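S.K.: Can you build the whole structure from these sequences, using the hints too?
The lines below spell out each chain.
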Amino acid sequence: MIFNTGAALLDAIVLAIVSKETEGTYGYKITQDVRRAMDVSESTLYPVLRRLQKEECLEAYDMQFDGRNRRYYKVTEKGMAQLNLYKVEWKNYAKKIQDIFEGGATA
Amino acid sequence: MNRSEFMAELRKLLVSIPEDDREEALQYYEDYFEDAGSENEEHVIKELGSPEKVASIIWMDAREGSQESGEFTETGYTDVRFEEKEHLACRENPVKASRKAEKGKTENAYSYRENSYATEGQGVGSGSSETSSPQEGDGYGQSGNGYGQGGSGYGQNGSDYGQGGSSYGQSGSGYARGGQRYRQGRHASGEMRTNKTAKVIMIAVLVILVLRAFGWLVPAAFSVIFGIVGGILGLLGCLVGFAFAGIGIAVAGIVLLVVGIGGLVSMFASAILLIGVGLLMLGLGVAFFIVSVKLCTVVYPALFRLAVNLVRKIFVRREVA
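As you go down the protein sequences, you meet chains A and B in turn.
The numbering used here runs 21 ahead of the 1-based position in the first sequence.
The numbering used here runs 24 ahead of the 1-based position in the second sequence.
Source of the hints: derived by calculation from the structure; they are not laboratory data.
None of the values given here were measured: they were computed from a predicted structure.
Mixed in with the good hints there might be a few duds.
[As the list claims (entries may be wrong)] Calculated cross-link-like contacts (lysine-lysine; reagent style DSS-like; alpha-carbon spacing at most 30 Å):
(1) K50/A with K36/B
(2) K95/A with K220/B
(3) K318/B with K75/A
(4) K220/B with K70/B
(5) K77/B with K75/A
(6) K50/A with K75/A
(7) K70/B with K117/A
(8) K108/A with K41/A
(9) K75/A with K220/B
(10) K108/A with K50/A
(11) K36/B with K77/B
(12) K70/B with K50/A
(13) K77/B with K50/A
(14) K70/B with K75/A
(15) K41/A with K95/A
[Unchecked claim] Which stretches of chain A does chain B cover? Using the computed rule of at least three CB atoms under 8 Å from a CB of chain B, they are:
(16) 42-49
(17) 61-73
[To be verified] Calculated Cβ distances over 10 Å to all of chain B for the following chain A residues:
(18) I38
(19) E80
(20) E123
Even for Gly, the Cβ is constructed at its ideal location relative to N, Cα and C.
M.R.: Laid out in structure tokens, this is it:
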């Protein structure tokens, strides 16, 4: 990917990925899913998840899996609101860029 | 390094953060290894990098939130704080390659960078797009200091963090505006980043070294301090001893002198002896006293100057280096 992207987009992508799973999903899977879109290092996802958790956009809970506890993440209501905000912002942003690229806008 | 060594190392490096945070981070990475499966263990370790790197990311995050810690580049998400110089070098390569491919078109390309979406108007590097690179450098330096403080810095930041979160919610749709910045040309930004990165790496390495050396650093520092204090006390004792010895001997000499003069008539020979000894002791006492005064006025200042010069030399050499 040529374009540099800030933490907000990463937050948005993580929220979107987690929100797809109604039962919640776990760290390794989130990382793999994010990595389908962009080449994130494996050590960068933890701080993102943790931040989203602190901002109460994600909630974590433990569930038994394969005889051990696995930490799952789920999007909260606040997280959903945040995600929607991100989606709107992204749409506007993408549209502006698109307009410039297509040469329509002169404003 | 295998998984258990990696985890043990990580645990050691995280001792300075609150237990809850530590356990959660460790749990996360245990899970991560578990879910990756033992066949991917080596790959995961390679991907994660060193335990030091993982630990510093956790720290940094705890301290300032990672709102502006990282960015995506053509080689993926990178964190300027931990990138090493070699990595930077590699990172430039794809750009050069793509430049060749596009035959100079990228010369005109804008490199887009966004940061600090959350803390508009507060915190490091937040707010206006005027924020310049040197300032950011300072910011990083500050965060380095924070690490030195360890646990307390962390706690403080927990609350900073919360603030950031709430202002985030309030700022609503404005979240993405503050830090958007366009920069022309990759070279300029690349160079600036190199400086910043070098600084940050140095700080991180220092912090880790200090943390690792903590085991012997404290006793060593104590022994040095006690050594210096002991030396000073010794010198003082020496001074006081000489002075008092001088006074004591002089007083004894005077007493003998007086007794000798008193007995001059009744027992002449021993009186003369007493007077002689008294005079000798008086002389000796005065000599001791003079020595102590000399110590005070000549030797100690000289010693002091010597010490100051020594310290100054060390500092000067450091500055030169």
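S.K.: Are the hints correct? Go through all of them and say.
M.R.: Right, here's what the structure says about each hint:
1. K50/A with K36/B: Holds. K50/A to K36/B sits at ~27 Å (cutoff 30 Å).
2. K95/A with K220/B: Violated, at about 36 Å.
3. K318/B with K75/A: Violated - the C-alpha atoms of K75/A and K318/B are around 68 Å apart, more than 30 Å.
4. K220/B with K70/B: Holds, at about 25 Å.
5. K77/B with K75/A: The hint holds at about 22 Å.
6. K50/A with K75/A: Roughly 20 Å between the alpha carbons, so the hint for K50/A and K75/A holds.
7. K70/B with K117/A: It is violated: about 40 Å lies between the C-alpha atoms, which goes past 30 Å.
8. K108/A with K41/A: holds, 14 Å
9. K75/A with K220/B: Answer holds: K75/A to K220/B is near 28 Å, not above 30 Å.
10. K108/A with K50/A: Status holds; Cα separation ~22 Å.
11. K36/B with K77/B: holds, 13 Å
12. K70/B with K50/A: holds, 18 Å
13. K77/B with K50/A: Roughly 22 Å between the alpha carbons, so the hint for K77/B and K50/A holds.
14. K70/B with K75/A: Holds: K70/B and K75/A sit about 28 Å apart, inside 30 Å.
15. K41/A with K95/A: The given pair, whose Cα atoms are some 10 Å apart, holds under the 30 Å limit.
16. 42-49: holds (count 3)
17. 61-73: Check passed, 11 qualifying residues.
18. I38: The claim stands: I38/A keeps its Cβ more than 10 Å from every Cβ of chain B (closest is about 15 Å).
19. E80: Non-interface label on E80/A holds, nearest chain B Cβ at 13 Å vs cutoff 10 Å.
20. E123: holds, 17 Å
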